[in-house]
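Protein sequence lines correspond, in order, to chains F and Z.
Read in order, the letters of the first sequence correspond to residues 1 to 509 in the numbering used here.
Read in order, the letters of the second sequence correspond to residues 1 to 84 in the numbering used here.
Because the hints were derived from the structure by calculation, they are not lab data.
This one's a predicted model, so the numbers in the text were calculated from it and none came from an experiment.
Check the hints yourself; a few may be wrong.
To be verified - Selected chain F positions facing chain Z (in silico; Cβ < 7 Å):
id : residue
1  : ARG61
2  : ARG112
3  : PHE115
4  : THR222
Said to hold, decoys possible - Derived pair list, reagent style EDC-like, types lysine to aspartate or glutamate, alpha-carbon separation capped at 20 Å:
id : chain 1 : residue 1 : chain 2 : residue 2
5  : F       : LYS72     : Z       : ASP39
6  : Z       : LYS79     : Z       : ASP67
7  : Z       : LYS81     : Z       : ASP39
8  : Z       : LYS79     : Z       : GLU62
9  : F       : LYS72     : Z       : GLU17
10 : F       : LYS72     : Z       : GLU13
11 : F       : LYS72     : Z       : ASP20
12 : F       : LYS72     : Z       : GLU62
13 : F       : LYS152    : F       : GLU212
14 : F       : LYS152    : F       : ASP134
15 : Z       : LYS79     : Z       : ASP20
16 : F       : LYS72     : Z       : ASP21
17 : F       : LYS72     : F       : GLU232
18 : Z       : LYS79     : Z       : GLU64
19 : F       : LYS72     : Z       : GLU22
To be verified - Cβ pair distances, simulated, as ranges:
id : chain 1 : residue 1 : chain 2 : residue 2 : range
20 : Z       : ASN2      : F       : GLY146    : 38 to 48 Å
21 : F       : ILE408    : Z       : GLU33     : 13 to 23 Å
22 : F       : THR466    : Z       : SER71     : 27 to 37 Å
Virtual Cβ for every residue (Gly too), placed ideally from N, Cα, C.
Here are the chains, one letter per residue:
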Amino acid sequence: MPDVVAAVRMDMNDQEAFARLSGDRNPIHMDPMAARQTQAGGPVVHGMHLLLWALERLAERGVDLAPLRAGKAKFASFIPVGAAVTLSAAIDQSGRLRLDIASDSEVAVTGRLDFTAVPRRRAGRQYQPVIISDEAYDPQFDRLAGSSGRLKRSGHALAQAEAMFPELCGSLGAAAVCDMALMSTVVGMVAPGLNSILSEVAFSALEGVGSEPGLAFAVVHTDPRFRLVINELEGERFAGRATAFAGLAAPTPLSIRDALGMVSIGEFRDRRALVVGGSRGLGAATSVLLAAGGANVTLTYHRERDQAELVASNIRDTVGRNSCDVIRYDASGAAALQLSSVAPGVTHAYYFATPRIFAGPRQSYSRQRLDHFISVYVDGFIDLVTALLTAQSPRPLSVLYPSSVAVIERPRHMTEYAMAKAAGEIAAADLAKACSRLTIASPRLPRVATKQTATVPPVPAADPSTVMLQLLRQQAGQKARAEDPADLRPLAFGAVGPFRSCSEQRRAK
Amino acid sequence: MNRAATVHEMLTEIFREVFDDESITLEPNTTAEDIEGWDSQAMITLIVAVEARFGISFRTAEIEQLDSVGSFVDLIASKWKVEA
Chain F
1 MPDVVAAVRM
11 DMNDQEAFAR
21 LSGDRNPIHM
31 DPMAARQTQA
41 GGPVVHGMHL
51 LLWALERLAE
61 RGVDLAPLRA
71 GKAKFASFIP
81 VGAAVTLSAA
91 IDQSGRLRLD
101 IASDSEVAVT
111 GRLDFTAVPR
121 RRAGRQYQPV
131 IISDEAYDPQ
141 FDRLAGSSGR
151 LKRSGHALAQ
161 AEAMFPELCG
171 SLGAAAVCDM
181 ALMSTVVGMV
191 APGLNSILSE
201 VAFSALEGVG
211 SEPGLAFAVV
221 HTDPRFRLVI
231 NELEGERFAG
241 RATAFAGLAA
251 PTPLSIRDAL
261 GMVSIGEFRD
271 RRALVVGGSR
281 GLGAATSVLL
291 AAGGANVTLT
301 YHRERDQAEL
311 VASNIRDTVG
321 RNSCDVIRYD
331 ASGAAALQLS
341 SVAPGVTHAY
351 YFATPRIFAG
361 PRQSYSRQRL
371 DHFISVYVDG
381 FIDLVTALLT
391 AQSPRPLSVL
401 YPSSVAVIER
411 PRHMTEYAMA
421 KAAGEIAAAD
431 LAKACSRLTI
441 ASPRLPRVAT
451 KQTATVPPVP
461 AADPSTVMLQ
471 LLRQQAGQKA
481 RAEDPADLRP
491 LAFGAVGPFR
501 SCSEQRRAK
Chain Z
1 MNRAATVHEM
11 LTEIFREVFD
21 DESITLEPNT
31 TAEDIEGWDS
41 QAMITLIVAV
51 EARFGISFRT
61 AEIEQLDSVG
71 SFVDLIASKW
81 KVEA
């Protein structure tokens with residue numbers, strides 16, 4: 001690909017503008033909190049918005065798009081809202097215009113434009129109108145096959161298209177731009193709807209002009225093995241075919257009632273537990289299992305207070321008002337200060353703090369990304385353990401540091417994650433070696449089904465509650481001893497971050 | 001042309017279509033590392049295209065075993081009932 005021809009950074013105002021044009025208000029694009037719960041890890045730009053943006057920039061630079069007859073775009077990875085995006089373009093040997101839309105030095109969208117194809121004949125089938133509401137449909141996968149309808153464009157869609165893509169509307173007509181925008185809406189709002197990921201769109205110009213505004217769709221193929229959904233599309237000016245994946249709904253969190261059926265009565269009653277990152281995924285399952293077994297739990301959240309309160313109220317309603325506290329905790333901030341409101345006597349700590357792991361395009365290695373992971377998986381962990389040891393002295397402390405099979409399995413694009421987890425294991429082992437009243441288990445957890453690991457296509461993942469219960473029980477067998485000054489050994493890397501050895505902590509008190 | 005060679009040729013056409021690249025040539029030991037864009041999404045597109053073209057279907061366990069063009073050709077040839 002030759003030089004970059006345009007660059008942009010889409011913000012939430014751009015998201016809103018495209019949603020006004022298309023009606024695609026899927027929360028993965030529009031709701032930062034909800035998007036954080038998806039595999040994207042945060043709001044991402046609509047793929048069709050990127051394609052239309054690229055076409056507009058080409059038109060601005062003098063590329064005559066009026067004779068555009070067909071095209072194809074593949075959406076390989078998410079582009080987060082706010083990320084720097086670049087467009088490169090080149091003519092290939094067949095005379096087709098090729099586009100690369102990249103972010104973070106990795107191509108996320110590839111496109112091909114064809115100016116020589118013959119316009120397609122209009123099928124002109126009649127479909128029932130489908131009203132686009134603000135809420136994405138969430139149909140069951142096995143009911144998608146054969147569904148069809150016609151999305152009506154909104155009353156202001158044509159004007160919005162003219163405002164956002166004036167050059168493109170000049171070349172292709174605003175109705176054609178609306179057709180393309182609605183292709184996003186079919187996938188994101190209707191079929192497969194809420195948990196969808198657009199994979200590919202192929203489009204062709206149609207003969208003549210359609211009599212009805214809007215975009216007809218029909219689900220022509222579904223494949224439950226991959227949760228694949230293919231829609232045939234026909235608009236006013238363009239027809240197309242959209243390939244998408246129906247993502248998996250977020251796994252249902254473990255309820256306290258289910259947890260009560262899994263644990264023995266009172267099996268964790270001697271634990272005062274601090275669960276860092278206890279508002280979701282593994283952390284939430286851990287909080288619920290511990291509470292069900294009689295532990296007193298303080299769970300922490302970073303951003304999702306409502307989520308944390310939901311987990312806590314679920315626990316309190318069933319096992320008692322004083323069984324669970326909630327505090328805000330930022331693993332990259334000073335631990336001692338943040339833990340000042342936690343009642344003394346914590347016996348067990350669980351460290352599920354995690355930055356976003358899976359989303360976005362990526363280079364093969366980024367020092368910045370490694371530093372980001374290290375700050376949470378190593379520095380933040382050491383700071384937490386140090387603060388707890390100081391606060392709890394001389395009582396013993398048992399800590400669970402969840403490492404990952406990624407350390408040995410090394411999935412693609414997870415280099416920095418695996419490196420940081422390996423570093424965290426070493427830090428955990430050396431921390432425990434240096435302090436006799438500290439026990440740290442750092443099991444390499446399998447890929448477990450959480451919102452953050454839900455993938456398209458689905459990848460087998462273990463049930464978080466089963467995995468965690470086993471670990472919590474193993475932890476019971478590892479008894480740390482109360483501090484014996486004679487056992488204290490100097491710590492080899494006492495200078496790392498805020499860490500001080502046990503003896504240093506004692507001196508500081 | 002023997003059966004495996006026919007499958008190989010048809011599979012090459014499918015790869016060229018899916019990756020939109022007429023210059024792709026396949027060897028039995030070609031893997032995802034050798035073809036730009038051969039990721040999990042592209043693999044699904046390939047599987048769906050192969051199943052449609054050959055009129056066959058793969059089980060999930062069989063798909064998980066596919067690690068090279070050679071294993072792809074062998075699996076297709078073992079299921080394809082129509083003689084070329």
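Enumerated hints in conflict with the structure, sorted upward:
Checked against the structure, the hints that fail are numbers 1, 3, 4, 7, 12 and 15, while the rest are satisfied.
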